[in-house]
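Okay, here's what each chain looks like letter by letter:
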Amino acid sequence: SQQGEEDPQALSIQEGENATMNCSYKTSINNLQWYRQNSGRGLVHLILIRSNEREKHSGRLRVTLDTSKKSSSLLITASRAADTASYFCATDETSGSRLTFGEGTQLTVNP
Amino acid sequence: NAGVTQTPKFRVLKTGQSMTLLCAQDMNHEYMYWYRQDPGMGLRLIHYSVGEGTTAKGEVPDGYNVSRLKKQNFLLGLESAAPSQTSVYFCASSRTSGRHEQYFGPGTRLTVT
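So the sequences go chain by chain: A and B. Residues in the first sequence are numbered from 1 upward in steps of one, following our numbering. Residues in the second sequence are numbered from 112 upward in steps of one, following our numbering.
None of these hints come from the bench; they were simulated from the model. The model shown is predicted, which means the values in this text are computed figures rather than measured ones. C-beta atoms are modelled at their ideal positions from N, C-alpha and C, and glycine is treated no differently. There's no promise every hint is true.
[Said to hold, decoys possible] Computed from the model, here is a short list of chain B residues facing chain A with C-beta under 7 Å: (1) Phe-121; (2) Gly-153; (3) Leu-154; (4) Phe-201; (5) Phe-215; (6) Gly-216; (7) Gly-218.
Let the hints inform the model, and build the full structure from the sequences given.
Structure (structure tokens):
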């Protein structure tokens, strides 16, 4: 079964609005990563947050991690049509040696 | 730097046929992975390798075999294709294990009829 579960499954917003996606997981982790996948393409790494970090920024991206609730959120500010893609969280479990991906959130940004 | 490349990009097989998907990376990464992605689902790990000459089973290994004879290449084989193996296959590599980000290839779209 998947370690990470994204919420919502799909999100549709207008250009300029903020988009927030959530990820919940079940076991202890070393880090949590977010990836983007444009339609028909491979995944692209966005940001990695370690288990001892609570918040991380990269450009218009803001990621938070709450290990007590086993959850993370990805915020994209001032969204653009080019942000339309699927977003996946992936967890590096302390008990494993590989990433486990969630099922993704499909984000649509309308111009 | 080409990053991670996959060949072929598309393939149609008949049930029972065999084929090999090739993945190559030029970043000198130790770890390499094969995933499959089905509609509306995330990635499921088929097999992975932690270094040249090593392979290990992932979440859905049945019906697939892999080899890593050279550090830069990771091959995925289907000995007798089945319609359930219709999917998009992604190869990825990383410097080490989950501690680092993975770099993905563009994918191979496989249809088994």
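Against the structure, the hints:
| no. | hint | in the structure |
| --- | --- | --- |
| 1 | Phe-121 | violated (11 Å) |
| 2 | Gly-153 | holds (4 Å) |
| 3 | Leu-154 | holds (4 Å) |
| 4 | Phe-201 | holds (6 Å) |
| 5 | Phe-215 | holds (3 Å) |
| 6 | Gly-216 | holds (5 Å) |
| 7 | Gly-218 | holds (6 Å) |
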